[in-house]
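*Asks:* Those protein sequences? They're chains A and B, same order as listed.
Heads up: the first sequence begins at 10 in our numbering, then just goes up one per residue.
Heads up: the second sequence begins at 10 in our numbering, then just goes up one per residue.
Just so you know, the hints here were simulated from the structure itself, not pulled from any lab data.
Ideal placement from N, C-alpha and C gives every residue a C-beta, glycine not left out.
A portion of the hints provided could be inaccurate.
[Said to hold, decoys possible] Straight-line C-alpha distance at most 16 Å; calculated EDC-like pairs for lysine to aspartate or glutamate:
1) 36(A) to 87(B)
2) 28(A) to 339(A)
3) 29(B) to 367(B)
4) 68(B) to 74(A)
5) 29(B) to 35(A)
6) 28(B) to 75(A)
7) 248(A) to 178(A)
8) 219(B) to 232(B)
9) 68(B) to 179(A)
10) 80(A) to 205(B)
11) 36(B) to 179(A)
12) 68(A) to 75(B)
13) 80(B) to 35(A)
14) 36(B) to 156(B)
15) 29(A) to 74(B)
16) 28(A) to 75(B)
17) 68(A) to 74(B)
18) 248(A) to 339(A)
19) 80(A) to 35(B)
[Stated by the list, open to error] Sample of chain B residues facing chain A (criterion: CB under 10 Å; computed from the structure):
20) 18
21) 76
22) 117
23) 135
24) 255
25) 266
26) 355
27) 426
There are 2 protein chains.
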Amino acid sequence: MPTPRGMRDLPPPVMLLRKKIISTAEKVFERFGFDPMETPILELWESISGKYGDEAENKLMYWFEDPWGGKRYALRYDLTVPLARFISDHPNVSLPFKRYHIGRVYRHDEPQRGRYREFWQCDVDTVGSPYPEAGAEVLKAISTAIDRIGLPGYTIRLNDRRILRGIFEEKLGIRNVVEVYRAIDRLDKVSWSEVEKELKQVVPAGKVEKIRELLDFRGSFDEVLDRINSLYGDVPVVKEAINHLLELRDFAGRIPVRMDLSLVRGLDYYTGPIFEVVVKEPRMGSVAGGGRYDGLIGKLSGRDLPAVGGSIGIERIIDAGLELGVFKLDRKTGTQVFVASINAPGYAMRVADSLRRDFNVRTDLLRRNWKKQIEHARKLGIPVVVLAGKREEENGTAVLIHEGERKEVRLLELSREIRTLLKG
Amino acid sequence: MPTPRGMRDLPPPVMLLRKKIISTAEKVFERFGFDPMETPILELWESISGKYGDEAENKLMYWFEDPWGGKRYALRYDLTVPLARFISDHPNVSLPFKRYHIGRVYRHDEPQRGRYREFWQCDVDTVGSPYPEAGAEVLKAISTAIDRIGLPGYTIRLNDRRILRGIFEEKLGIRNVVEVYRAIDRLDKVSWSEVEKELKQVVPAGKVEKIRELLDFRGSFDEVLDRINSLYGDVPVVKEAINHLLELRDFAGRIPVRMDLSLVRGLDYYTGPIFEVVVKEPRMGSVAGGGRYDGLIGKLSGRDLPAVGGSIGIERIIDAGLELGVFKLDRKTGTQVFVASINAPGYAMRVADSLRRDFNVRTDLLRRNWKKQIEHARKLGIPVVVLAGKREEENGTAVLIHEGERKEVRLLELSREIRTLLKG
Chain A
10 MPTPRGMRDL PPPVMLLRKK IISTAEKVFE RFGFDPMETP ILELWESISG
60 KYGDEAENKL MYWFEDPWGG KRYALRYDLT VPLARFISDH PNVSLPFKRY
110 HIGRVYRHDE PQRGRYREFW QCDVDTVGSP YPEAGAEVLK AISTAIDRIG
160 LPGYTIRLND RRILRGIFEE KLGIRNVVEV YRAIDRLDKV SWSEVEKELK
210 QVVPAGKVEK IRELLDFRGS FDEVLDRINS LYGDVPVVKE AINHLLELRD
260 FAGRIPVRMD LSLVRGLDYY TGPIFEVVVK EPRMGSVAGG GRYDGLIGKL
310 SGRDLPAVGG SIGIERIIDA GLELGVFKLD RKTGTQVFVA SINAPGYAMR
360 VADSLRRDFN VRTDLLRRNW KKQIEHARKL GIPVVVLAGK REEENGTAVL
410 IHEGERKEVR LLELSREIRT LLKG
Chain B
10 MPTPRGMRDL PPPVMLLRKK IISTAEKVFE RFGFDPMETP ILELWESISG
60 KYGDEAENKL MYWFEDPWGG KRYALRYDLT VPLARFISDH PNVSLPFKRY
110 HIGRVYRHDE PQRGRYREFW QCDVDTVGSP YPEAGAEVLK AISTAIDRIG
160 LPGYTIRLND RRILRGIFEE KLGIRNVVEV YRAIDRLDKV SWSEVEKELK
210 QVVPAGKVEK IRELLDFRGS FDEVLDRINS LYGDVPVVKE AINHLLELRD
260 FAGRIPVRMD LSLVRGLDYY TGPIFEVVVK EPRMGSVAGG GRYDGLIGKL
310 SGRDLPAVGG SIGIERIIDA GLELGVFKLD RKTGTQVFVA SINAPGYAMR
360 VADSLRRDFN VRTDLLRRNW KKQIEHARKL GIPVVVLAGK REEENGTAVL
410 IHEGERKEVR LLELSREIRT LLKG
């Protein structure tokens with residue numbers, strides 16, 4: 010009987026890799042002073058309807074009525090709306106409220122490589138601060154997490170919604186900015202001529218060329234910001250964005266940032282700086298992204314609070330790392346030591362139990378002969394095998410097998426010897 | 010907007026405690042050679058229908074048809090049936106297959122203290138071994154996990170379904186054993202006279218007194234087993250159970266076990282040893298339980314495999330520990346150090362970033378004056394405050410505040426000093 014389409018079992022080899030990646034991210038988020046939080050997988054329909062737009066609600070969102078009272082529920086679609094609901098239900102949390110949240114979300118999308126109907130988001134958000142230092146922290150936390158996870162060769166593309174909006178509105182007289190964003194956002198997936206066609210439907214043709222020129226503003230942070238400043242620094246909202254970004258850059262320290270005016274991000278709710286983390290190889294969408302969304306919490310919770318956050322795509326990071334060969338799925342088990350019994354199951358179990366103070370240990374549970382036991386341990390890739398038989402029981406020893414070498418060791422020294430082997 | 014009834018937000022103070030408890034359990038399970046696994050929250054209706062009995066399917070199980078194709082799904086009801094489905098979908102896993110699984114399950118029950126509609130199970134199972142050593146390992150893993158979590162004064166009640174079945178069938182001529190189990194299982198909740206009434210409906214009155222006598226067989230493992238052996242050791246299935254339990258006891262080592270023939274456990278599928286972990290105080294149901302279920306995997310997966318497992322109730326453990334005062338919900342944040350800026354936000358951020366190599370650190374994000382910052386840190390219960398101003402920046406120092414004492418420290422020595430304070 011299969012799993013539902015687009016939803017996966019995660020067997021031990023996959024989980025061992027995922028747990029390592031997730032606990033690395035958690036640790037980094039905690040270093041930056043974010044605290045863990047959880048919300049239910051189910052939300053009341055009233056809590057999340059009208060928040061994600063028509064496509065999400067009509068096409069992508071799992072909703073259902075329960076078989077009892079006909080109450081309508083939805084499976085959570087992201088972790089941001091639940092955060093806003095949480096803030097409205099917990100009006101007394103101290104501000105700034107800094108939380109991370111790693112959990113499943115559901116989208117009834119067409120499954121493909123790196124895209125699932127049940128997948129994990131790994132979010133970090135600060136609610137309550139309008140200042141660039143809050144955004145800088147989010148950027149550093151995400152960048153540090155990706156560094157520690159070990160994904161190489163990534164760049165952070167940075168932009169600020171206010172720059173495009175300021176220029177569009179003040180210099181180009183464009184009023185329907187969000188429609189322009191939506192057309193531009195497709196640049197990742199389709200060619201410029203496709204985007205051009207769409208743009209011509211929403212703005213006068215003469216302005217499309219101007220927009221194209223703006224989208225070419227990309228490169229080193231300082232250069233691009235200088236150029237924007239000299240050309241459009243007279244627009245107040247652009248100036249405001251430039252100052253915000255300069256401060257954010259100072260607080261962020263050494264992270265690999267590039268300015269890129271063609272970055273708009275898909276979601277409507279961003280109001281300030283936005284970013285995406287992209288890898289050179291393999292070719293895929295962004296592996297992380299986020300930005301400032303000062304209006305959203307107020308809209309959802311009735312309590313107007315500035316907020317900034319970011320999200321790492323666990324599935325994308327794993328797929329990228331596997332393709333680059335920096336991650337491997339070669340560990341079948343986290344077990345480090347297998348204690349094989351040579352007709353002395355009680356002794357083997359006692360040796361195993363004493364080693365469990367320090368290591369992950371298995372012992373035979375199928376009453377196989379010792380050669381079969383060693384074969385099983387080898388098949389699972391368990392690095393150290395310990396042989397325990399009647400002779401060893403009498404001697405108070407066990408025989409260590411590691412990479413083909415055998416050595417009889419006194420029980421008291423067994424842990425130390427194994428530790429050396431595992432380090433080597 | 011509230012969460013759905015019986016489902017909870019877990020804010021940081023609750024999550025900090027839960028994460029500690031869960032990671033303790035995970036660590037212990039790994040020590041015993043169990044590996045992590047995950048399955049989707051949603052299962053196809055076909056996968057899980059007919060597995061849990063009528064009450065579960067008609068009353069307790071969340072099922073729904075999706076809004077697209079009318080496909081029927083259920084939210085997972087436990088982690089055992091998904092394990093069986095996994096085994097049938099992954100016929101090549103090496104046996105014994107040892108996995109742990111900590112995750113949410115859903116039951117549309119009436120919410121009350123310690124009972125929720127969305128809650129967590131924490132399962133450990135070995136598939137493929139019929140031997141007592143596999144059961145002993147499960148018992149030791151669960152007992153060690155509860156020890157490490159720190160719940161005091163628990164006892165493990167042990168029984169074997171074969172003992173009751175053997176005596177009922179061979180000595181009392183009872184054929185409808187499962188109905189008798191169901192009546193006995195209610196002893197935890199209702200008085201003997203209630204149970205007696207129910208028993209009289211399923212067996213002749215003369216046998217009820219005999220059953221009552223059997224249920225009084227409880228106490229020290231050796232004594233009770235001796236008594237059963239001398240009275241009923243001639244029944245082959247009873248003898249088989251006694252031998253299995255004696256071996257299991259030898260492999261299990263020093264764990265606080267008591268025999269208790271009145272333990273039957275609610276689920277129908279157990280076939281051998283069964284156990285429950287109970288605490289003296291506070292009065293509540295068991296905090297963990299499990300047993301051998303040799304028929305279930307075959308019934309669900311079409312592949313007949315013996316299995317044994319156990320489950321810790323995270324919610325019960327937490328509620329018990331909080332009532333006993335061994336756990337507290339007093340940590341509002343995992344942050345260890347707050348770096349307060351005295352008009353030197355850039356310097357404060359750099360000091361914070363350098364401390365993030367070793368500690369969980371927050372810094373001001375609201376541009377408050379330094380007294381307000383310290384007040385905020387105190388309110389959150391952050392143990393160490395570091396003051397960073399222009400004077401300290403010039404000196405290459407920072408001022409450490411801990412329990413009312415202040416001390417100016419060179420940056421290079423700051424981590425070491427803080428480590429000492431946090432240990433003290």
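*Asks:* If a hint holds in the structure, say so; if it doesn't, say that too.
*Replies:* Status of the hints after comparison with the structure:
1. 36(A) to 87(B): The hint is violated at about 30 Å.
2. 28(A) to 339(A): 15 Å, holds
3. 29(B) to 367(B): Violated - the C-alpha atoms of residue 367(B) and residue 29(B) are around 19 Å apart, more than 16 Å.
4. 68(B) to 74(A): Given that 16 Å is the threshold and the Cα spacing comes to 15 Å, the pair holds.
5. 29(B) to 35(A): 13 Å, holds
6. 28(B) to 75(A): Violated: residue 28(B) and residue 75(A) sit about 31 Å apart, past 16 Å.
7. 248(A) to 178(A): Cα-Cα ~14 Å, so holds.
8. 219(B) to 232(B): Outside the cut-off at roughly 20 Å; violated.
9. 68(B) to 179(A): 61 Å, violated
10. 80(A) to 205(B): Distance of about 41 Å is beyond 16 Å: violated.
11. 36(B) to 179(A): 59 Å, violated
12. 68(A) to 75(B): Given that 16 Å is the threshold and the Cα spacing comes to 11 Å, the pair holds.
13. 80(B) to 35(A): With a Cα-Cα distance of about 36 Å, the restraint between residue 80(B) and residue 35(A) is violated, given a limit of 16 Å.
14. 36(B) to 156(B): Since the Cα atoms of residue 36(B) and residue 156(B) sit roughly 13 Å apart, the hinted pair holds (cutoff 16 Å).
15. 29(A) to 74(B): 36 Å, violated
16. 28(A) to 75(B): 31 Å, violated
17. 68(A) to 74(B): 15 Å, holds
18. 248(A) to 339(A): Measuring from Cα to Cα gives roughly 52 Å; hence the hint is violated.
19. 80(A) to 35(B): 36 Å, violated
20. 18: 5 Å, holds
21. 76: Given a least distance of 6 Å, the restraint on residue 76(B) holds.
22. 117: This interface hint holds because 7 Å falls under the 10 Å limit.
23. 135: Constraint on residue 135(B) satisfied, holds at 6 Å.
24. 255: Hint violated; residue 255(B) Cβ to chain A Cβ min 12 Å, cut 10 Å.
25. 266: 16 Å, violated
26. 355: Hint on residue 355(B): holds, closest Cβ of chain A at ~6 Å, below 10 Å.
27. 426: 18 Å, violated
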